[in-house]
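Residue strings, one per chain:
There are 2 protein chains.
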Amino acid sequence: MHSDISSSSQSSAPALEPTECSRRACLTAILRMAGMRPTRQRLDLADRLIGRDRHVTAEELYVETAAAGHELSLATVYNTLRQFQSSGLVRELAFEGMRSVFDTDTSRHHHFYLTEESRIIDIPAHTLAVTDLPGIPEGYEVNRVEVVVRLRRKEH
Amino acid sequence: MHSDISSSSQSSAPALEPTECSRRACLTAILRMAGMRPTRQRLDLADRLIGRDRHVTAEELYVETAAAGHELSLATVYNTLRQFQSSGLVRELAFEGMRSVFDTDTSRHHHFYLTEESRIIDIPAHTLAVTDLPGIPEGYEVNRVEVVVRLRRKEH
DNA sequence: TTGTTTGCAAACCCTTTGCACGTGC
DNA sequence: GCACGTGCAAAGGGTTTGCAAACAA
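Heads up: the sequence lines are chains A and B, in that order. Here the first sequence is numbered in numbering that gives the first Met the number 0, starting from 0 and rising by one per residue. Here the second sequence is numbered in numbering that gives the first Met the number 0, starting from 0 and rising by one per residue.
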């Protein structure tokens, strides 16, 4: 994870700090490396995703980006998310009762799923261990082990 | 799991054996206990689900049931699966790149997911252990811990 | 008979696609 | 200029819903 460019996202100042500038340059480089032209739309979306820890739907991302004054279409959001996914910049998550969610953290980790409110919370990989993996089918190899801890509100 | 009624499903004889009869009676009782009228459609679907180990989509179940000569509509399959789900007779699974899948095994277990072919294989609960569960958010309790082991075809 | 359930078709929602226009290089 | 990317609107696929007819009790 790129972590050195993190502190400026809360600021409401109109992007004058050098941090923002180098972030743009960094994002441009990332897109180029992934074989994508750094268009305005892709940069706007990358800026909201890369190096942040988020779980977003295409719709949420669209509304948020549009609200910020950056015009783009929902179709472009979908297409761009798929491209980012192919390049490994985001990962798709699936839970019942929820539409596709894209996770900006592509490193190994797990999730709490609050079923009643369809909310996702990250679980860092190191706070949980899976042992005694069973034998896997012939001709296959493990790509990734993911744990979902389903939570519900405590009764009483 | 109800396991004593399992051997007759391969038979192509037109349902004359006593096993079939008692299975029907058993399914009727299960539906009644769940507060559902044992209609022909619900019994046909229950017969293909309950006490079997399957992962099916609504569409698959519809095609299969229709092919067996039991008329019913796709809408009824969806509605019935949702009712079965509410009663805990089946569970819904979600994987990216796959539409809703219903799992007839509602007991605690895990899954292999063969990403390239969108296939699901069960992992018995006892062949795998999750340890060091992290602290969970205030006011919530663990409902279920599920592990998905994503597999891909071995390269070489 | 009476309240449920079913079937159908239409509605819905999310997502993808085709094509004309715009844009980065 | 040329290829690639975007926006729009329409199509697509899965799932739910409204309502009249069929059915279980």
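No lab work stands behind these hints: they were computed from the structure. In this text the structure is predicted, and so the values were computed from the model without any measurement. Careful: at least some of the hints might be erroneous.
In this list, chains with the same sequence are indistinguishable; a pair is considered to hold if it fits within one copy or across any two.
[Stated by the list, open to error] Listed below are the simulated SDA-like cross-link pairs for lysine to any residue, each with C-alpha atoms no more than 20 Å apart in a straight line:
#: 1; residue 1: K153; residue 2: N142
#: 2; residue 1: K153; residue 2: V55
#: 3; residue 1: K153; residue 2: A33
#: 4; residue 1: K153; residue 2: G138
#: 5; residue 1: K153; residue 2: M32
#: 6; residue 1: K153; residue 2: Y139
#: 7; residue 1: K153; residue 2: R51
#: 8; residue 1: K153; residue 2: A128
#: 9; residue 1: K153; residue 2: I120
#: 10; residue 1: K153; residue 2: T56
- Message: Name the hints, by number, that the structure is in violation of.
- Response: 2, 3, 5, 7, 8 and 10
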